[in-house]
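Those protein sequences? They're chains X and A, same order as listed. Take 0 as the starting number for the first sequence in numbering that gives the first Met the number 0 and just add one per residue. Take 0 as the starting number for the second sequence in numbering that gives the first Met the number 0 and just add one per residue.
Simulated from the structure, these hints should not be mistaken for lab results. Remember, predicted model here, so these are calculated numbers, not experimental data. Every residue, glycine too, gets a C-beta built ideally from N, C-alpha and C. Be careful, since some hints might not be right.
[Unchecked claim] Going by beta-carbon spacing under 8 Å, a handful of chain A positions derived as facing chain X:
#1 P5
#2 L59
#3 P84
#4 N85
#5 E89
#6 G91
#7 C112
#8 L121
#9 Y150
#10 R324
#11 S339
#12 T348
#13 V355
#14 N357
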Amino acid sequence: MSRKQVKGEYIETDTGNKVARKAILIGTQHIMLGGKTVIQAEAMIRGDLARTAQPSSGAGGAAAPGSNTAVAIGRYCFLSRGCCLRPPGRIYKGSFTYLPLRLGDHVFVGEGSVVQAATVGSHVHIGQRVTVGEFAIIKDYVRILDGSVVAPNTVIPSFSVVAGQPARVIGEVPEGGHEAFELRELYKTVGNNPQPLPV
Amino acid sequence: MASFTPYTYIQCPCYETISRTRSSDGTQTPSSRDSFEEDERTFDPRAPRSNYCLYPLEYLLYCDVCHQIRCPRCVSEELVTIYCPNCLFEVGSSSLKTEGNRCTRSCFQCPICIGPLAVQSLESAPEPSLLSADNANSSAPAGPWILTCSYCNWNSAEIGVKFDKPQGIFAQLSKIRHGEDHSRSTIGETSPPARSDTVPDTTKARFAAMKSFYSAQNNNSTTGSGLSGIGDYGLSSPGALSRIMNIYSGNNTGGIKQKSKASMMREADTPNEGFRLSDLDDSAAISHLRHSGWEGTVTRDQAKLQVEEGARFADELWPIPYLLRTKRSKRCPVCRHIISKPESKVGNTRWRIRLVANNSIPSITIKPLQPSTPSTPGVAPLSGILRPLQPAQFILTFKNPLFDDVKVTLATPATTPGRFASRVTVLCPEFQIDANTDTDMYLDDVLKDGDKDRRRQRGDESSHQAEAGKIWERGRNWVSIVVEVIPASLRQDAQQQQQQKSKEGEGKGKGEGEEPVPDLGPLKEDEDILEIPMFVRLEWEGEASNDQVGTGAGKEKDAREKKELAYWCALGIGRISQE
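Only chain A is shown next, with the shape it has when bound in the complex:
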C-alpha cells in the first residue's frame, strides 16, 4: 500500500455561506447531519461539497481587516502582469486584445511532446547549434530554418514547415498557415504528406474570408434600407437578422414582406469567400489511417493543446505558441482590500503585499506517538497504517506564528462522520501557546533553553504518558498534545457492524441508528483514510486594529483588544488497514 503522509486541511469560511444557501433548497448530502442546530452542526470533511473549501495552510490568505481566512476560491483576482513563460517578456494588455493570449515572439512548444522548440538551421542538421541565432559570422549556418524539439526530436520539416529567417517565427508561421503567402511550397519542397490543394485553409482563414464577404454583402444590402448605416457584420446587424428570420420562417410567409433585398443577398459559394464543401469522402483519411497506422494519429492531449481544433493525424499538428501566463493580485471578497500583490516586474519575485494565513493561524503537524509503554505492543502505526479497533495515539503540534499568546480550544465529534465511524479523543482540548518572540538576538538563548527542556522531558519519557487534560510537550511558541483514535473496522458485512455496535456501546450505535439503510457498498476511494474533523478556536489579545481613525485617536496607542478566530479543519491521520 502506498505510504501515507498525514495532512491538515483548513476550511475557508466561504463554505458556510454556500452551505447555508444550499440547505434552503432541501438538497442534503447523504452523510450530513443537518438535524443539529445551526451552531452545533458538525463538519463532514467527506461531504462532496467539502472538497471545495478545504485547503492546506499554505494556500490560504488572511484578511487583516475582516480577520478571516480567505481561500483561493473566494478571493477575487486581478491581473498585474501578463508575460510569456518562455521568453519572460511582458505583454501589454492592449496587444493581448489584438494578438491573443499566446506569445507572438519565437516561443513554441512541440506539438508531440510539448517540449520547447528551438530554431535550427536545416543545413547543419547533424551538428545542431542550439540557441545560436545570435552570432552571424562566416561559419554561421544559413537558412532554411526549422523548429526542432530536443526532447522528442520532432522538427517542423515533418509537416513541411521551413522558415526563411530565424527571427519572427510567429509571423512566418502564421503566414504559412493562414494563407496569403505559400512560402512553404516555395522553399525546398519536400512534398508534405496529405497536404494537397484540396485541403482547405484553416478555420481562422476561412472565418476571415467569410467575414469580409458577408460584411461586404451586408453593406450592399443595407445601404438602401437605412436600418444600419454602420457597416456592421455578423448577426448583430438588423439586416442580417431579418435575413436569417426569413430563411428560417420560410420564404412564403405572409407576415414579412419580401423585398428585392433578399435577391441581392447571396451566400458564399467560392473558396475565397470562405465557402467549403463538406468533405464527406473519408476515403483519403481512411487510406491515410491505413498507411500511417495508430502511430500516425494524434492523441487526445495533443489535439487538445493545438491552437485550432480538427487535427486528426500527426502531420496535421502545428507548433504551439506558448500560452501567456499572469501575475495576479488578490482581493478580499468581503472588504475588497488587497491581500496579496506581487511586484509587477516579471523577473521580480518579491511581493508588495502578502497576507498569508501562515502568519496568523497556528500550523498543525501530525505525527504518530511511538508507544513507549510495552503494554500496547500492537499499536505501532508503521507508515500510517492503522489497525482497526486498536487504539492509536498521535501528537498534534500547534505552532503559534503570532507575537501574542494564543489560547486554543479544540473540539472534535466523538466519532468521525461517514460510514466507518472511528472514535476520537482529544486528550487536552484546551491549552495556551506562548508568543512567537521572533527576535534573532535572543533566538539562540531561547533555543538552548528549549533544548534543555526537551532533553529533560525526553529523559522522563519512560514514565511520560499521555494524560487527559495535560499537554504532551511545550516549546517556545509551540505546544503538542495527544489525540487518541480507535479506528473503525472496514469490514463490510453487517454482522461485523452488529458486533461493533454491541462492542463499542451507545455512542456509536446512535450514529448508526440514524442512518435509515446502512450502506454496504464496496469501499470507495480514500474511504479508508481516517480523517478527523476538528474545530479550532483561537483567542488572543492583539493590538487594537485602528481602522476607524476617529476612535483610534482618542485611545492610547498600545490598546489591546480581544480577538477571536474559529474554523474547522480536517486532519488526515492515516489509512486503516483492510484486514
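Extracted from the complex, chain X is given alone in its bound form:
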C-alpha cells in the first residue's frame, strides 16, 4: 500500500517496523530490528559504532553477515523523538572496540534519552532525558524515571523503579503494574494511519 499512497511520515516494513523518514540511522547494516518497532523522527541509532574486526578470535564466525551487529532491537520497541542508541566502547585486549547494545522486547525509550547500555531487558521503560551509562545492564521490568543518570557499569535488577543522578533503586514495580509495560497498543497509535488508543 505504501507504493500507491502518498509518502507518509513513516516507512512501514514487512515485519511491521515503523521508521520515521526523519529518523537518523547510521550504519544500517549493523542495526537489527526485531519487528513492530517504532522509531520516531530525529531518533538516532549509531550502527556505525560496530565492533572493530578482531583479527585473531572470530575469523570464522565474524565473517557471516549480520553477526557484527552493533545495535539489536527486539519486538515492540518504541524509540521516541530525539533519543539516541549508542553502543558502548572500551579497551579490550589492548585496543579500543565498541561492543553491541541489545534491547529486548517492549522497550520504551523516552524523548531525548541517550542509551549506552550493554543490555536492556524486556519490558523496560526509559523516561525522558535519561542517560544510561556505558555497559549498564538493565534487566526486565525496570522503570527509569525522567531525568535519571544511570552510572556506567550499573546493574539494575528486575522490577526496579530507578531515579536520580546517579540512578538508584527507589522502589519496586508492583505486581499489578506489569501490564503497563506492554507497548502493543502504543505501537498502533503511530504510523501512517494511526489508530486511537482504546479506552
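Since chain X is already given, all that's left is putting chain A on it; use the hints.
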C-alpha cells in the same frame, strides 16, 4: 504551576478495622464526621490516616478466597529468594545469618555517589580496562588493584586502600579494615591522610576483641560458682548480671555479699582487649576540618549509607558492599492464602501466582470533558487547573476486567470533605458494564464495531450533552459517565466564605456550620487539589467459588452466584486555581 495528572486511589479494607479500633479511644481526626451512623459514614481522603490505605490500582492485590482487596501494607510477606542486586547471585539464608545482609562478592558502591565500583589495575590507570579481570594474557595489567567509580571518579586509593588481587575484594577489604592483616600499609604506602596508629580500630573489630576478652573473664569467674557452666558471654549470663548489679548498687551494700569473685574480674584496659580511651582532644579533627574544609566532610546521606557509623570526613568513607535484595511472596492476612508468588530463580521474571486487583475490579480513568457547548466558555480546564465556582465536567471511564457483566453503583458526598467544600454531582450513578470478552479471535470484529459505534457517537457529539441518568459513552467492556464539579474558592477571608454560604445554599452551609471554628490558616500542601471520595459498589454473577468440596460436588458445575464488592476510592480531579 506544575501540571496535574488525575489519579484514582483505591482504599484497602484494612483501613476499616484500624479506624474502628481507633475510634474507641476517642481520638478523632478534626475533619472526620463520626456523628454519622457507622454505615453512613463517609470517607475523608484527606484524613491523616487515609494516607495509609489509599493505593493506585496497580499496587493492590485481590484475594480470591476472601473476595477482598489487599494492599501492600496489610499482606504478610515471605522471603522467596535473597540475591545481590549487582551480581544477581542468589544468597542462601544460612550464609545470610553468618555473613550479614550485604554482598560478600566483589560488589561495592561508591561511598561518595553510590555509583557502582569496578576493580581496576593501578598500573594502567590512565587507560582503564573496565571489567577486564577475566583475561590474563601478557598485556593484562598486574596489581595493585583499586576500586574506582566511573561516575564520580572516586577511587579507593584516596583512602589508601589497594588490593593484591582482583578477586575476593570483600574479604581483602574486611581484612584491611578490621585489622589482623595491615596489608594496606605494606603495598605502595601513599601515607593515607589522618590514619595514624592512634586512630583506633573499627567498632566491629573492637567489639570482637571486647567480646573475646569478657567471655574469657566470664569463664574464669564462673567456673567456681557453677552458676553457668556454659561459657556464655555478655549480659545473658548470670555472672555478668550480678557483677553489673554490684557495680550499680555500689560496692558497700550489705545485701549482696561480695566475694573474691569481684576481684578476679577486671575491665578491659588495653587496646587489644577492645578498650579505647575516648578521644576528647578534637584538635586533630578541627585542624583536619580547617585543612580540608566543607568539601572534606561527609554529607548526611553518605554517612548514613556507610556500613559502620561514625565517619566525619570524606577520607573516612569506605566502599559500601551492596545491600542484598529479596523476592517476596505475599499472603492474604485473613485467610493466609498466597496471593502473589514470584518464581524463585533470580533471573526469572515470571510469577507463579499473581492475583492482582487489576483483574478483578474495574479501572477508573479520569479526563476532562472538553466543553462542546458554547454557552460555557470559561470552563475549559486546561492542564488540570480548575476555576473556582465554575462548573466543570469530567468523564470517568470504568473498564471491566471480569468475564461477567458488572453492575456498578456509585455514591459521593454532595460536597467534598475538608476546608474547601466543592460540590460534586455524579450524573449517572448506576450503570452496567459488559463483560470483558477477551478472546482474540473476535477481538478485531468487536473492535471494529466499537469503532463504528464511537464514530457514530462522535458524529452526534455536537448535540451530545451530559444528561442526568444517562451514560456518556459505552464500549465493549467499558462505560464512561460524567461527573460535574463546582470547585470551591480558596479565598481565605471569612467574608468570602460568608458569601459562598449564602450563594451556595443550605447544603454547604450545613457542612460549614458543623465546624466549631472555621480554620482560617494558610493553604496547606496539596489542599488545593480537588479530591472526590467515591464509594463504588460492584455486583456481578460469577462462577460459584467451590471452596467447600462437599457442597460444590452436589451442584451442577456451572452454578452462578451473586457476588458483591464495595470500596471507597479517591479521585484526584485537578487543582483549583488560587485567584
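Going through the hints against the structure:
no. : hint : verdict
1   : P5   : violated (15 Å)
2   : L59  : holds (6 Å)
3   : P84  : holds (5 Å)
4   : N85  : holds (5 Å)
5   : E89  : violated (12 Å)
6   : G91  : violated (18 Å)
7   : C112 : holds (6 Å)
8   : L121 : violated (16 Å)
9   : Y150 : holds (4 Å)
10  : R324 : holds (6 Å)
11  : S339 : holds (5 Å)
12  : T348 : holds (5 Å)
13  : V355 : holds (4 Å)
14  : N357 : holds (4 Å)
Checked against the numbered hints above, the structure breaks hints 1, 5, 6, 8 and satisfies the rest.
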